[in-house]
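Colleague: Given these sequences and hints, build the entire structure.
2 protein chains.
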Amino acid sequence: MNIPRIDLPRVVILGAGFAGLQMARRLNPRHYQIVLIDQNNFHTFQPLIYQVASAGLEPDSVAYPIRKTLHGKRNTFFRMATVSCVDFERRVVETTIGDLEYDKLVIATGASNNFFGNTAVETNALPMKSLTDALDLRSKILGNFEQALNTRDLNRREELMNFVIVGGGATGVELAGALAELKNKILPKDFPDLDLRQMRIDLIEAGPRLLGNMAENSSTMAFDYLRELGVHVWLETFVETYENKQVITKDGGNFKTDTLIWAAGVKGNLPDGIDASKIGRGNRVVVDPFCQLESHPEVYVIGDSGMIVSEVYPAGLPMLASVAMQQGKYLAKSFNKVAVGKSIEPFTYVDKGTMATIGRNKAVAEISKLKLQGILAWAVWMLVHLMLLVGFRNRVVVLINWAWNYVNYNNGLRLIVRPYVNHLADRREPELMA
Amino acid sequence: MNIPRIDLPRVVILGAGFAGLQMARRLNPRHYQIVLIDQNNFHTFQPLIYQVASAGLEPDSVAYPIRKTLHGKRNTFFRMATVSCVDFERRVVETTIGDLEYDKLVIATGASNNFFGNTAVETNALPMKSLTDALDLRSKILGNFEQALNTRDLNRREELMNFVIVGGGATGVELAGALAELKNKILPKDFPDLDLRQMRIDLIEAGPRLLGNMAENSSTMAFDYLRELGVHVWLETFVETYENKQVITKDGGNFKTDTLIWAAGVKGNLPDGIDASKIGRGNRVVVDPFCQLESHPEVYVIGDSGMIVSEVYPAGLPMLASVAMQQGKYLAKSFNKVAVGKSIEPFTYVDKGTMATIGRNKAVAEISKLKLQGILAWAVWMLVHLMLLVGFRNRVVVLINWAWNYVNYNNGLRLIVRPYVNHLADRREPELMA
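Taken in sequence, the protein lines are chains A and B.
Start counting the first sequence at 168; every next residue gets the next number (my numbering).
Start counting the second sequence at 168; every next residue gets the next number (my numbering).
No wet-lab data here; the hints were simulated from the structure.
You may find that some hints are simply not true.
Just so you know, same-sequence chains aren't split out, so a pair can sit in one copy or run between any two.
[Said to hold, decoys possible] 30 Å max Cα-Cα, derived DSS-like pairs, lysine-lysine:
# : residue 1 : residue 2
1 : Lys235    : Lys296
2 : Lys519    : Lys538
3 : Lys496    : Lys417
4 : Lys296    : Lys307
5 : Lys356    : Lys500
6 : Lys496    : Lys271
Only a predicted model underlies this, so the values are computations on that prediction, with no experimental measurement involved.
Modeller: In structure tokens:
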């Protein structure tokens, strides 16, 4: 890889998500040469991609060019590449654009969908993890209705108008709520010649309640909100397979659908080369409280792909944006301290709260001991997400979209820009002529 | 196709561009059943797609969902489909989702790129006509620089950093100017480890001047503006072929480039089935001054795909958005009049002026006899385009983007969202390791 060697230790950071980007931005370039690698040229604000999928926000508002975040920063290099493997002995990262030596390596490769080995689901379900997933999903959802108009096969129309979301965490709950609002407020106006009451949204969760990482009270509230919006919630229901447009659950349930959206879990997204004995639950690399790999102290793992086990968190810190951001900041600070001979402390996570929005005026939020619901939680949710977005322009545009939607439920972002039209062509019905 | 037969004449409109959309929105549904067909579910504001390509605007701002424009309109149907053929004898339109009978047919299928039979260019050049073209081009342009960083082959780097635009009309001139501003103001900050002086933009025009449909004065001004911005303009230069990353011109010129952008002409985009004798210059259907096909008086052609020849316009009315919009409005009005037994007038085109923007404070505009240049023309250009955009939200977001760019040249929309990363993977250079 074309990176000049200079007289400073080279820190290679894999991944420009919440952890990697914080790390790269805060690391002091007087002490280190910094190389940031990501497969995309943009950072994605994942908590809002479900709104891209449900046609509430445009993709450009929830993403930010990585190069722009590094403007004017000396000794700092970004490369768009996919990392295949790390050779820990030679201290070399292998990527699609060549190899790169490191002095210190920071693995911040995040997480990807966990299908728990279910290949039938993996093959046929739609993921909701990246910006391109969200764009594909938006085109698919809107395309389904265009297609439903063109069929007189009622079974087929049902498949097209049923949406099944698996996973009752924040992503699943928020997407189910957003789809329900599309159904109730926007689609009937867009498709006057389609009976939108036939649209059905099922949310399936294997555990006993929604939003498992929040308080019981919040779970119940989210359940009630979703029911109010018309979403069918199934708790303690385990998806066994998805074949021939049918989702089959363990208790014999059967959901007919063309669109299964998988939000049921994530796993660490790791490059090859990591010693299997270091990989713990959820495919995360076990590191010490300094985010350091014991066997290779020059290697650090932060964010979703790393796992610090403590007494408070025996299963590791949760896979959340806030943990990732705090670890990125922490590690940059540690590196900067070490460079000037200062001592460092282990990482401590400060839980700033959790929240989820279900719909207009409908949200739940827990901020330390404070538990909010309804319009207040919703306002807090919006404020926090606006503040966390990277870039002033993005904040303004997102705010306009939200305000617009609040007033008239209709911002007009319902473009099918992915090549979905080909699917329509498959369903030609020349014999049916009006 | 699933459209109910009702007791009103059925008007089928092919294409939801400037002409078709105006027609569909203004036609009176008390007198007609209206069916609008387009291959996309959105209307594209074509005059601004070059700014999507040059990362100045997001795609969602220059497009608008067709269904939303028809909200609440009775007896009106939209279908997303590609029209393959019209059977004028049976009065049937054949599409990817089935056949459809019509009583009156309005062909408003617009125009597509004209490569004038040059297959070498057609295969290898990038078009700039649709929203997806613009998105592909944005990813390609930004991807080229990511790729240029990874090569030490100076010849290859040159190919990647040279951009050749063919066609000195408004699209070519505006895109060349936008690319030059990217080069001068934005890319050097994004790519500090690349020598952006090596980036080169060539604009090739076969005719003797730029903006051929404007006054001599405006052409000269546009030429000077582009030269100021560092664009190399080649007049009276005819592209012969584009092969092996080389553009060859008739006079023996040779331009090395990975990116040839074709903006050198358009031709009518017609469904099959039209009598060849009715098709005139530029693949446009010759119609009478009522936009009517002589041989089939129930068929009308408006916008770029139709051609009305008059004394003032012996080669047909120009292929412009303003002509298309005026014809859409005119034809809806005519239909509405005919339905109540009123008499109709032939179409007359009111030339409201032409304009092109080259860069910040650099534009030319001609409004009847008034000729503007510089910052004033630029302000008028922005105002007119903002007013013509469909949707208030789009106007606000575009205005914010422009204001933002004006202040700091940097709105941060430089996302590579098309699958360009695969191209990067092809260029792996494992032997080069720093």
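Colleague: Would you list, in rising numerical order, the hints stated earlier that this structure does not obey?
Modeller: 3
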